[in-house]
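Colleague: Listed here are the chains, written in short residue letters.
2 protein chains.
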Amino acid sequence: MKLLDLKDRLKLYVILDRRLGRGVPLCDQARLAIQGGATAIQLRDKRMQGRDFYRAALAIKEICKEKGVLFIVNDRLDVALTAGADGVHLGQEDLPLEAAEKIAPEGFIIGISVRTPDQAIEAERKGADYLGVGDVFGTSSKPDAKTIGIEGLKEVCVNTKLPCVAIGGIGVHNVKQALQAGAVGVAVISAVISQKDIAGAARTLRSLVS
Amino acid sequence: MKLLDLKDRLKLYVILDRRLGRGVPLCDQARLAIQGGATAIQLRDKRMQGRDFYRAALAIKEICKEKGVLFIVNDRLDVALTAGADGVHLGQEDLPLEAAEKIAPEGFIIGISVRTPDQAIEAERKGADYLGVGDVFGTSSKPDAKTIGIEGLKEVCVNTKLPCVAIGGIGVHNVKQALQAGAVGVAVISAVISQKDIAGAARTLRSLVS
Ligand code: NI
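Residue numbers (this note's numbering), protein chains in the order written: chain A, 225 to 434; chain B, 225 to 434.
Any given hint could be a false lead.
Intra- or inter-copy, both count: the list cannot distinguish identical chains.
[Said to hold, decoys possible] Below, simulated DSS-like cross-link-like pairs (lysine-lysine); rule was C-alpha separation at most 27 Å, straight line:
1. Lys291 <-> Lys326
2. Lys350 <-> Lys326
3. Lys326 <-> Lys289
4. Lys400 <-> Lys370
5. Lys350 <-> Lys385
6. Lys385 <-> Lys231
7. Lys285 <-> Lys270
8. Lys270 <-> Lys326
9. Lys285 <-> Lys326
10. Lys370 <-> Lys385
11. Lys285 <-> Lys231
12. Lys400 <-> Lys385
13. Lys378 <-> Lys400
14. Lys385 <-> Lys420
15. Lys420 <-> Lys289
Note that these hints are calculated values from the structure, not bench results.
Use the sequences and the hints to build the structure in full.
Modeller: Written out as structure tokens, the structure is:
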């Protein structure tokens with residue numbers, strides 16, 4: 225995938241979540257978010273068993289494919305590859321990038337979570353395709369994470385050529401700040417999938433990043 | 225890998241375990257088990273983060289490779305592939321066999337946990353290389369599992385051409401029974417790695433399966 229193309233597809237990056245989704249099934253979370261204008265969907269669930277996670281990935285991949293939305297699987301590279309996802313997202317405690325590169329086919333996207341310029345530089349050097357940068361504003365979904373603030377986001381963005389997606393406490397009130405700091409898009413969980421009107425929440429955010 | 229060769233390498237299949245290993249590091253568990261005659265080593269840890277699991281797999285792979293011992297990673301196919309393990313072992317709740325087959329290279333071994341002849345027949349049809357059959361005698365490491373007994377083991381073994389490894393509560397007192405039921409080898413955890421003399425415990429078991 226060309227860089228320009230990837231940048232466009234990272235504008236509104238919605239992460240699905242079973243617990244935060246107020247009982248809305250993962251597939252419906254995906255459908256509604258896409259209906260509202262999500263450009264990328266990430267499936268993340270560290271507690272799901274491999275088989276269930278694979279099946280969820282297969283189903284969500286079909287939904288994304290139909291709508292031309294980027295589909296990324298968190299952490300489990302094997303699930304991402306076997307379910308036909310467009311890419312995998314790896315945190316600093318997940319499989320290292322250099323390991324993932326060994327079995328990722330040409331064109332498969334690898335995103336890396338970073339907090340600092342050093343981590344960004346390392347990820348770029350090792351071949352990452354995009355960065356998830358944060359926790360920017362603090363998020364209730366990761367209560368232990370320390371925030372890097374808008375300054376921390378800016379510092380990462382100026383130190384890498386990779387497209388950066390801001391994550392952590394992003395909402396309608398701070399999307400513009402994140403983009404001004406250099407992010408090409410924003411990643412959200414609760415700001416979309418915890419809302420009563422998932423599609424509406426996505427639509428509002430999308431209008432701010434387009 | 226040829227069937228005969230694989231059969232020989234499944235004789236004494238030792239599963240490493242951080243919690244059951246009485247504080248002995250995983251690498252030392254592997255070294256001592258191999259010293260005592262383990263023919264296969266499996267790394268299993270559902271709670272380790274991907275990066276730690278990958279690093280442990282890399283280290284244990286080197287130990288196994290040096291001694292010509294089969295090295296299998298449990299559950300995480302991505303870790304197995306990127307760490308250069310000989311194969312992966314998948315339970316009924318893990319990534320399905322047909323998914324794993326999509327990205328497993330030629331010669332990569334896939335083992336499947338089965339309890340019943342139906343599961344064995346399905347795994348054989350879908351291309352499994354060996355079966356882990358059990359829980360045969362009941363094991364404290366999986367308190368919720370129901371045992372299939374020696375009759376259950378026999379029933380699986382007569383219904384498949386795949387090499388079967390008996391697992392669950394195997395010890396010096398019942399190894400012969402397991403082999404007579406049709407197993408080509410035995411898989412053990414606590415009977416080896418929870419013992420004060422890991423190498424000695426492996427040696428005794430090995431003498432019974434050779
Ligand atoms: Ni094979």
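Colleague: Give a verdict on every hint.
Modeller: Results of checking the hints against the structure:
no.	hint	result
1	Lys291 <-> Lys326	between (30 Å within a copy, 25 Å between copies)
2	Lys350 <-> Lys326	both (11 Å within a copy, 26 Å between copies)
3	Lys326 <-> Lys289	both (25 Å within a copy, 19 Å between copies)
4	Lys400 <-> Lys370	within (21 Å within a copy, 57 Å between copies)
5	Lys350 <-> Lys385	within (13 Å within a copy, 44 Å between copies)
6	Lys385 <-> Lys231	within (11 Å within a copy, 52 Å between copies)
7	Lys285 <-> Lys270	both (18 Å within a copy, 25 Å between copies)
8	Lys270 <-> Lys326	both (23 Å within a copy, 23 Å between copies)
9	Lys285 <-> Lys326	both (23 Å within a copy, 16 Å between copies)
10	Lys370 <-> Lys385	within (24 Å within a copy, 55 Å between copies)
11	Lys285 <-> Lys231	within (20 Å within a copy, 39 Å between copies)
12	Lys400 <-> Lys385	within (20 Å within a copy, 63 Å between copies)
13	Lys378 <-> Lys400	within (13 Å within a copy, 66 Å between copies)
14	Lys385 <-> Lys420	neither (37 Å within a copy, 54 Å between copies)
15	Lys420 <-> Lys289	within (25 Å within a copy, 55 Å between copies)
The structure fails hint 14 only (numbered hints given earlier).
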